[in-house]
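Asker: Here are the chains, one letter per residue:
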Amino acid sequence: MSDVIELKDHLIKTCSEILPRYKINYSFVKEKSENTLNSGDNINLLVGISEGVNGNFVLGMTNKAAIYIICAMTGQDEFITLDNLARNALSDFVTVLCRRSIRKLPTKKSISISSPTLITGERICLMISRSPARKAFFKMNDTNFSIAYNIEGELEQ
Amino acid sequence: MDQGKFQEILQITKTSFEEVSMELLEAEFTMCPRFITDSPYKVAIIIGITGSETGRLYMECDLETAVKVALVMNFGERLDEPNDVYTYLAEFGNMISGRATTYMTDKFREGEFRLAPPAIFTGKGLETLTPNIQSKMIYYSGSLGKFFIDIGFEGGK
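Line order of the protein sequences matches chains D and C. Residue numbers for the first sequence follow this note's numbering, beginning at 1 and rising by one. Residue numbers for the second sequence follow this note's numbering, beginning at 1001 and rising by one.
These are calculated hints, taken from the structure and not from any lab test. Only a predicted model underlies this, so the values are computations on that prediction, with no experimental measurement involved.
Lysine to aspartate or glutamate pairs mimicking EDC-like chemistry, simulated, CA-CA at most 20 Å apart:
hint, chain 1, residue 1, chain 2, residue 2
1, D, K139, D, E31
2, D, K30, D, D9
3, C, K1124, D, E122
4, D, K32, D, D9
5, D, K8, D, E31
6, C, K1068, C, E1081
7, D, K109, C, E1112
8, D, K64, C, E1127
9, D, K64, D, E122
10, D, K108, D, D3
11, D, K109, C, E1110
12, D, K104, D, E17
13, C, K1107, D, E51
14, D, K109, C, E1053
Which chain C residues face chain D? A few, computed with CB under 8 Å, are given here:
hint, residue
15, Y1086
16, T1087
17, A1090
18, A1119
19, I1120
20, G1123
21, K1124
22, G1125
23, L1126
24, E1127
25, L1129
26, T1130
27, I1133
28, E1154
Ideal Cβ placement from N, Cα and C applies to all residues, glycine included.
Go ahead and model the full structure; you've got the sequences and the hints to work with.
Answerer: Here it is as structure tokens:
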């Protein structure tokens, strides 16, 4: 029987390790349980997780939050479009965020993550699991970002 | 990934999609020339791939096709909740990925490819992109509508 895995503390810890390095001001706001179908942000990055545990991890953000992350990652002052450099920066960011958070789970089994997929659009809704997902909300400067996840599997006690 | 292995995975994806469509929906989909979805509202099923190669499997249709698929899966009865469309699409994606996993396990060594659970995204003007992957696309047309499938791997050709 698989359990739904709680990742909140690991996400907070990972953000505290990564974001200050890029001089991104942020604060954790709250985590809540979502419906199975949820409204998403304008910019979303999905990472699939499998092997030791299974699930999905979605970093959702406003356009403004994406620009903060891209500028911080690339060292450039501004970005107008999601060009290759910008997309790669976001992709690298979510990979690091997801991998570091997942590695904190107490398991000896190996856990793999898929290539991140960037999803943009208006009035986006997402469903990442059959059971309700969890969503952690973070404030970033004058905007925000969120991490929705649903991960199932067995961990060591 | 070498070209031969990529072709085999592509063939497995095609077989899985065609078989599940026929068994579950009693709908025959045949490959067709490339098309661009007219509808502004699209539904995407994204399944992360991990293992010896990382990538993702992407399936897309317009909302009208998604509703038709869901209605057939609901035995032709009216859907209780609008969100049921996405639940059924996720199940459809789950069955295709499950079938593909079985075939991949038969063909390659166990665990060489693992699939994450399907994630569903919908919205207006939905755009998706997986940076740094090489992908192959398949276009299907059938009585229920059209599907676009894209399978890609990092460093694939």
